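There are 2 protein chains.
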Amino acid sequence: MKAQNAFYAQSGGVTAVINASACALIETARQYPDRIGKVYAGRNGIIGALTEDLIDTGLESEAAIAALRYTPSGAFGSCRYKLKGLEENKAQYERLIEVFRAHNVGYFFYNGGNDSQDTAYKVSQLGEQLNHPLTCIGIPKTVDNDLPITDNCPGFGSVAKYIAISTREASFDVRSMATTSTKVFVLEVMGRHAGWIAAAGGLAADEEHDIPLVILFPEVPFDQEKFLTRVDENVRAYGYCSVVVSEGVKRADGKFVAEAGGKDAFGHAQLGGAAPVIADMIKNSLGHKYHWAVADYLQRAARHIASKTDVEHAYAVGKAAVDLAMEGKNAVMPTLVRVSDTPYRWTLGSANLADVANVEKGLPRDYISDDGFGITAACRTYLQPLIEGEDYPPYRNGVPDYVVLKNMPVEKKLNTAFKI
Amino acid sequence: MKAQNAFYAQSGGVTAVINASACALIETARQYPDRIGKVYAGRNGIIGALTEDLIDTGLESEAAIAALRYTPSGAFGSCRYKLKGLEENKAQYERLIEVFRAHNVGYFFYNGGNDSQDTAYKVSQLGEQLNHPLTCIGIPKTVDNDLPITDNCPGFGSVAKYIAISTREASFDVRSMATTSTKVFVLEVMGRHAGWIAAAGGLAADEEHDIPLVILFPEVPFDQEKFLTRVDENVRAYGYCSVVVSEGVKRADGKFVAEAGGKDAFGHAQLGGAAPVIADMIKNSLGHKYHWAVADYLQRAARHIASKTDVEHAYAVGKAAVDLAMEGKNAVMPTLVRVSDTPYRWTLGSANLADVANVEKGLPRDYISDDGFGITAACRTYLQPLIEGEDYPPYRNGVPDYVVLKNMPVEKKLNTAFKI
Chain A
1 MKAQNAFYAQ SGGVTAVINA SACALIETAR QYPDRIGKVY AGRNGIIGAL
51 TEDLIDTGLE SEAAIAALRY TPSGAFGSCR YKLKGLEENK AQYERLIEVF
101 RAHNVGYFFY NGGNDSQDTA YKVSQLGEQL NHPLTCIGIP KTVDNDLPIT
151 DNCPGFGSVA KYIAISTREA SFDVRSMATT STKVFVLEVM GRHAGWIAAA
201 GGLAADEEHD IPLVILFPEV PFDQEKFLTR VDENVRAYGY CSVVVSEGVK
251 RADGKFVAEA GGKDAFGHAQ LGGAAPVIAD MIKNSLGHKY HWAVADYLQR
301 AARHIASKTD VEHAYAVGKA AVDLAMEGKN AVMPTLVRVS DTPYRWTLGS
351 ANLADVANVE KGLPRDYISD DGFGITAACR TYLQPLIEGE DYPPYRNGVP
401 DYVVLKNMPV EKKLNTAFKI
Chain B
1001 MKAQNAFYAQ SGGVTAVINA SACALIETAR QYPDRIGKVY AGRNGIIGAL
1051 TEDLIDTGLE SEAAIAALRY TPSGAFGSCR YKLKGLEENK AQYERLIEVF
1101 RAHNVGYFFY NGGNDSQDTA YKVSQLGEQL NHPLTCIGIP KTVDNDLPIT
1151 DNCPGFGSVA KYIAISTREA SFDVRSMATT STKVFVLEVM GRHAGWIAAA
1201 GGLAADEEHD IPLVILFPEV PFDQEKFLTR VDENVRAYGY CSVVVSEGVK
1251 RADGKFVAEA GGKDAFGHAQ LGGAAPVIAD MIKNSLGHKY HWAVADYLQR
1301 AARHIASKTD VEHAYAVGKA AVDLAMEGKN AVMPTLVRVS DTPYRWTLGS
1351 ANLADVANVE KGLPRDYISD DGFGITAACR TYLQPLIEGE DYPPYRNGVP
1401 DYVVLKNMPV EKKLNTAFKI
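From first to last, the protein sequence lines stand for chains A and B.
Residue 237 in my numbering sits at position 237 of the first sequence, and the numbers go up by one each step.
Residue 1121 in my numbering sits at position 121 of the second sequence, and the numbers go up by one each step.
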């Protein structure tokens, strides 16, 4: 069997560890020179394939590829671009096959969330039909932790660790200030559809750190009165309160809390953010002085405090993607399989892309406490191992020395335009 | 000379390293048992002295005190409470002296910013007058870096490091997404009056990390058109742009940019934050998709990534406070003296509280680039050493194992009420 080239692309919102998967994939592929020729990366994700804008990772040094392990973001660029259904826009899929055929690509590795697994599945089907069979492997990635079958998604553990740490640190701060100043701190976290990241805020408290926390999950309809009562109870009992609010929290009528406001001076809808809305509510109803923060990209890019477990997971699935391909598997995604909670033990498995595609895993109801404002012991048991361990990047001049790749283009063979 | 007790209080906004100063002070005081009896801490700062609510630090274990070195926030509680002028409210000062006399306090250590140095100075004057002479030593602390004479203020270096790292990480993220999604990232940082913290965002870029940054300083009147033009130029040249905006940025008419908006649905002033205002401006004028973050307390509590230099400074001034007292100095504050930039060398000095009190050190104009959107080489030379080195705390269950002290009260001797 003659060596074929591989195509790798990063998809959707990037994470602190998606490059660790890329690192593993490229390092592992280089161990199979007889079967895998070049590893081409899509510049800006799948758009790079559609526009024949490929990056030759073979031109990067071993040191640069190794540095991907500790560099956050998507080193080749990512994109928010969902391929339509096969029936709706077959031309897109045909174009992918055309580009892959032109560049002798026999392996398609797609590193992303639900949509990406769906795309990888469809490409595998169409390759067969168009007589250019491809080995298609999905690689799990998402801070939202919403892929099915796999125990967790690389990227999530590091966000969870960041939010747990930040919540503990800010809670220590507000406790110091509460007598004469700030009594309530509100932190807004990601998670438009599921409360996985908000739940991680619950790890800020433990037996030795009794922190009064109120978590607002997207799964629990926001009850303003009940919420304010709880915050005030905490302030009375502890002197202060910390609130972790998911950006996706909704009222009973289905409207996002973040959209609660009015218009600005120019008639534009009020500038977003659930945290300022919640903070203002506390000020107006309870009169407590507040501070609020919106972590936004800081949380998912925070490679400086990535979870060691998460980095190991991310590397493992990147390596497993190549291993599965070498074993002749197709249309699968490596998964993380939890063997035991305490001590945490895990191994690798695999799932059919057909079973992964477009299925979302929500936060189980029994992970949320009965009052809707906290996490249960079951949730803690699940989350705890995912934030374990630190995996510090190297520093230069006081700042992490993240790598910037050369990202040299592969010479085009088709040179035909394709409109995105 | 018979041993007298010491009083220590933390004042104003807390930092990631103020407890390192407390750690040093207590550890050093314990080395002088013949001269310093107990170290009492004020519960919630100076309020603890006024209300005779003292904490006996002697009841804390050596391990607990040592753990203060890596625990952010104010372990004994802080307060925002400025004593009035001696003439206006002599009763407050007299009360302090009364409490200190009752508890045989002969040393007054006050850990804070400008106001606190002023208070320490006045206490030293009044103690003489009231025939209860006190050795009064100020200990510098402020994330705002605005104390005079000292090269820098403990607390600032760690915030600066956090902002430099976060800006680099988020910039990597937005660069990955820019082709199809977010093109501009806006990070709001602290600094109501001076741009020291905003300037630290400039350290995200260096020779190997060419990041298009626009910094908005409180010192530079905000010129909306010029700002938007610069952002758009960056987006055209790089595909993306990162903006670091100080909470204190003002328009030419002196109004805070954060106050630019209108009213919400209930008629309240629009919820704050300079970042959402700036982001909305970019969206409306340039049409670029944006993300924004407000770091708020996360930046000053982020002990998990404190600057090693800053921690060493904080410990050194805490120790020096006791050393100065033991040398018979009074009404002074230990200072950090820069000996050389590269390699960074520093030593300790001292300043008279009279010269420190109520003097604010601003960001020099020659630290801001001519266009007003960046930092100069001189600024980089000054800032660089302050963020050098990492000083990681110990972890337990994936989260820093910060200490919570017992904070046992000292038995009251006066038992008279004092209204705050």
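If you're looking for bench data, these hints aren't it; they were derived computationally from the structure.
One or more hints might be untrue.
[What the hints assert, rightly or not] Only part of the chain A face toward chain B is listed, based on derived beta-carbon distances under 7 angstroms:
| id | residue |
| --- | --- |
| 1 | K2 |
| 2 | Q4 |
| 3 | S61 |
| 4 | A64 |
| 5 | G74 |
| 6 | G77 |
| 7 | S176 |
| 8 | D296 |
| 9 | L298 |
| 10 | H304 |
| 11 | I305 |
| 12 | V399 |
| 13 | L414 |
| 14 | T416 |
[What the hints assert, rightly or not] The following residues of chain A were derived to be distant from chain B, with all beta-carbon distances above 12 angstroms:
| id | residue |
| --- | --- |
| 15 | S78 |
| 16 | Q125 |
| 17 | T182 |
| 18 | D206 |
| 19 | D210 |
| 20 | D253 |
| 21 | G273 |
| 22 | V294 |
| 23 | A295 |
| 24 | K329 |
| 25 | R345 |
| 26 | P364 |
| 27 | D371 |
| 28 | V404 |
| 29 | N415 |
[As the list claims (entries may be wrong)] Covered stretches of chain B, going by a simulated chain A footprint (3 or more residues, C-beta under 8 angstroms):
| id | region |
| --- | --- |
| 30 | 1286 to 1293 |
| 31 | 1302 to 1309 |
| 32 | 1365 to 1374 |
| 33 | 1398 to 1405 |
Note that the structure is predicted; figures quoted are calculated from it, not measured.
Cβ coordinates follow ideal geometry from the N, Cα and C atoms, glycine included.
Exclusion check [A/D210 not at the chain B interface, CB over 12 angstroms] = A/D210 is in fact no farther than 12 angstroms from some Cβ atom of chain B, at 8 angstroms.
Hint status (Cβ of A/Q4 to nearest Cβ of chain B, threshold 7 angstroms): violated (27 angstroms)
_Distance rule for A/V294, whose beta carbon must clear each one in chain B by more than 12 angstroms_ = Contrary to the label, A/V294 does not stay out of reach of chain B, its closest Cβ about 5 angstroms off (not over 12 angstroms).
Quick check on A/G74 please, does its C-beta sit within 7 angstroms of some C-beta on chain B?
Given a least distance of 4 angstroms, the restraint on A/G74 holds.
Against chain B, is A/S61 within 7 angstroms by beta-carbon distance? violated (14 angstroms)
Is the claim that A/A295 lies outside the interface with chain B correct, judged by CB distances over 12 angstroms? At about 6 angstroms from chain B, A/A295 fails to clear the 12 angstroms cut-off, so the statement is violated.
Minimum beta-carbon distance criterion (7 angstroms), A/K2 to chain B: Not OK, violated: A/K2 not within 7 angstroms of chain B, min 34 angstroms.
*Consistency of the no-contact label for A/P364, given chain B and a CB cut of 12 angstroms*: Label holds. Min Cβ-Cβ 21 angstroms, cutoff 12 angstroms.
Verdict on chain A covering the region 1302 to 1309 of chain B, where coverage means 3 or more residues with a C-beta closer than 8 angstroms
holds (count 5)
Can we confirm that no CB of chain B comes within 12 angstroms of the CB of A/Q125?
Its Cβ never comes within 12 angstroms of chain B, the nearest being 25 angstroms, so this holds.
Worksheet item: Per the stated criterion, does the least C-beta distance between A/G273 and chain B lie above 12 angstroms, as a non-interface residue requires?
Response: violated (6 angstroms)
A/N415: least C-beta distance to chain B exceeds 12 angstroms? About 20 angstroms separates A/N415 from the closest Cβ of chain B, which puts it past 12 angstroms; holds.
When the structure is compared with the earlier hints, violations turn up for hints 1, 2, 3, 4, 13, 14, 15, 17, 18, 19, 21, 22, 23, 28, 32 and for no others.
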